[in-house]
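**Q** Sequence:
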Amino acid sequence: MNATDILIIAAQLIGGFVLLFFGGDWLVNGGVALARRFRISPLVIGMTIVAFGTSAPELLVSTISAIKGSAGIAMGNVIGSNIANIGLILGITALICPIETDNSKVVRHGSIMIVASLLLLVFALHSGISRIEGLTLFICLILFTTISIRKGRTQHQEADIDAQEGKPMTILAAVGLIALSCVMLAFGADILVDGATTLASAMGVSDKVIGLTIVALGTSLPELAASIAAAVKKQMDISIGNVIGSNIFNILCVLGVSASIKPISLEFSDYMSDFIWMLGFSVFIIIFTTMRKKKGRLGRTAGILFLLAYAVYAWSLF
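Count the sequence shown with the numbering used here and you get residues 1 to 318, in order.
Honestly, the hints are just simulated from the structure, not real lab data.
Label pairs and their calculated CB-CB ranges:
#: 1; residue 1: Leu60; residue 2: Arg108; range: 27 to 33 angstroms
#: 2; residue 1: Phe17; residue 2: Leu172; range: 27 to 33 angstroms
#: 3; residue 1: Ala3; residue 2: Lys68; range: 34 to 40 angstroms
#: 4; residue 1: Ile276; residue 2: Ile14; range: 37 to 43 angstroms
#: 5; residue 1: Met291; residue 2: Leu135; range: 37 to 43 angstroms
#: 6; residue 1: Ala173; residue 2: Phe17; range: 23 to 29 angstroms
#: 7; residue 1: Arg39; residue 2: Ala202; range: 49 to 55 angstroms
#: 8; residue 1: Thr146; residue 2: Leu121; range: 23 to 29 angstroms
#: 9; residue 1: Leu60; residue 2: Leu308; range: 26 to 32 angstroms
#: 10; residue 1: Lys234; residue 2: Arg37; range: 18 to 24 angstroms
#: 11; residue 1: Lys151; residue 2: Leu119; range: 18 to 24 angstroms
#: 12; residue 1: Ser273; residue 2: His126; range: 16 to 22 angstroms
#: 13; residue 1: Arg39; residue 2: Ile96; range: 28 to 34 angstroms
#: 14; residue 1: Ile147; residue 2: His126; range: 27 to 33 angstroms
Only pairs whose alpha carbons sit at most 27 angstroms apart, straight line, appear in this in silico DSS-like list of lysine-lysine:
#: 15; residue 1: Lys234; residue 2: Lys151
#: 16; residue 1: Lys68; residue 2: Lys262
#: 17; residue 1: Lys233; residue 2: Lys151
Model, not experiment: these values are computed from the prediction.
Every residue, glycine too, gets a C-beta built ideally from N, C-alpha and C.
Take these sequences, add in the hints, and give me the full structure.
**A** Next comes the structure, spelled out in structure tokens:
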């Protein structure tokens, strides 16, 4: 590896982190502005617009895998990303900035995440997901999104919008900012993973280790950037909503679209242990946030436990 290669890798790593930092920050700003304009709960914005935007890498990877006939990658990408979103992303976020949110909302939407996971289990047990089942998953996503937005309408007065600092952001500006930030997140994650993969290969790290660590983390970097940015800005509902919404989106949309394009044929028994981990992490979110009667909280202790659990899972893969 010569000096030019080192400079290119350094530029990729630095550029990737910069794009992720500003992309996550702007995505949260756009999401908050849109929530205020439409008087929609920040949690719902986090579970829909922000979550869908940060899950774009998973959608692209699984869709391309389905077209190429790589069913294992499509399924593994979704389950692996969902585990990373909770164990790694939510764990790091809670460790940096404890997350406080509404108990009832987390239980309600966390339960939907669990139901979506069980629906995946029912469909996939008989050697994969058919095209009809894929379409069914996608229709469930449309219903979930529609109902969430309708129920998430808040009763803020117009004064609440005008009370924010500075001139209120227009709807067009908010949508534009969200679109731009999603592109920045996707591109930032891509070049960061490319740089890290090149560096790891040059150091003699195996493809298996690279795939299970760098690439797996790479597809979850947008969620990490958005969740941390939201937590730092005290937009806790967007932070946890992003994780829950991304997991729901990964199952209902990513697998739904992938199977609709080309049925996913595989032996789901090969993924059963990973599925159990994914389901377990989903249940843990509800348990930890309901330890308090009214206000749910994921503190640093929960963050450490999530990270330790994810470390055990990652270790079990080797």
